[in-house]
Amino acid sequence: DTAVSQTPKYLVTQMGNDKSIKCEQNLGHDTMYWYKQDSKKFLKIMFSYNNKELIINETVPNRFSPKSPDKAHLNLHINSLELGDSAVYFCASSHRGANTEAFFGQGTRLTVV
Amino acid sequence: KNQVEQSPQSLIILEGKNCTLQCNYTVSPFSNLRWYKQDTGRGPVSLTIMTFSENTKSNGRYTATLDADTKQSSLHITASQLSDSASYICVVRAGRYSGGGADGLTFGKGTHLIIQP
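Chains as they are written, first to last, in our numbering: chain A, 26 to 138; chain B, 988 to 1104.
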């Protein structure tokens, strides 16, 4: 049983295109996240959603927009893709609380050409 | 600035041997420290979570230690197996965040561990 699943796993697209990455969790968690893993391998948070409310929005370009139709889904829309957007994007989910586990999806490798 | 530094960057050991990975952090205020295992092409999977009051925590052949005074942690792997080949990431949660488990996390770059038969 997949806990946090995201699609697609690989995405190759041209500069200027608009694309979406989907994420679903079946763990009953109330908070979902998007993380970006850059070429230096550091993971950095982009967005956090709790009960359809954006909690954290780190300094990411407004070309990136999270969309949460319900508690189990958090999709990432990216407009006007740029070369620098190439990275691996991870969806994650957790319960509220500092010491709760965070579960990550398998990642989506985005390549902008 | 919150930072997490790990050493070594990469490590190769023979199957069956033990190894220890190191983590130093400057995250403040401290909430908890986690170790994650990330297989190639997969997302990170949690191994342990330790709070300020915990010095040692085990998960099977993985044992993590925490010294909150010196802001250091280690992950010891006993009797390594081929399946242990992965990146091991040290992650520290800052205490000022009130959200969920994945809020306020500062990730290290990871130690790339290769187990050879």
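Please note: incorrect hints may appear among the correct ones.
List of simulated lysine-lysine pairs, BS3-like, C-alpha gap at most 30 Å [what the hints assert, rightly or not]:
id, chain 1, residue 1, chain 2, residue 2
1, B, Lys1044, A, Lys69
2, B, Lys1004, A, Lys61
3, A, Lys96, B, Lys1058
4, A, Lys66, B, Lys1058
5, B, Lys1004, A, Lys65
6, A, Lys65, A, Lys47
7, A, Lys61, A, Lys47
8, B, Lys1096, A, Lys66
9, B, Lys988, A, Lys65
10, B, Lys1044, A, Lys92
11, B, Lys1044, A, Lys66
12, A, Lys96, B, Lys1004
13, A, Lys34, B, Lys1096
14, B, Lys1096, A, Lys69
15, B, Lys1058, A, Lys69
16, A, Lys92, B, Lys1004
17, A, Lys69, B, Lys988
18, A, Lys92, A, Lys65
19, A, Lys66, B, Lys988
20, A, Lys65, B, Lys1096
21, B, Lys1044, A, Lys65
22, A, Lys65, B, Lys1058
23, A, Lys61, B, Lys1058
24, A, Lys44, B, Lys1058
25, B, Lys1058, A, Lys47
Worth flagging that the hints you see were computed from the coordinates, not collected in a lab.
Hint numbers not upheld by this structure, sorted from lowest to highest: Hints 2, 3, 10, 12, 16, 24, 25 contradicted; others consistent.
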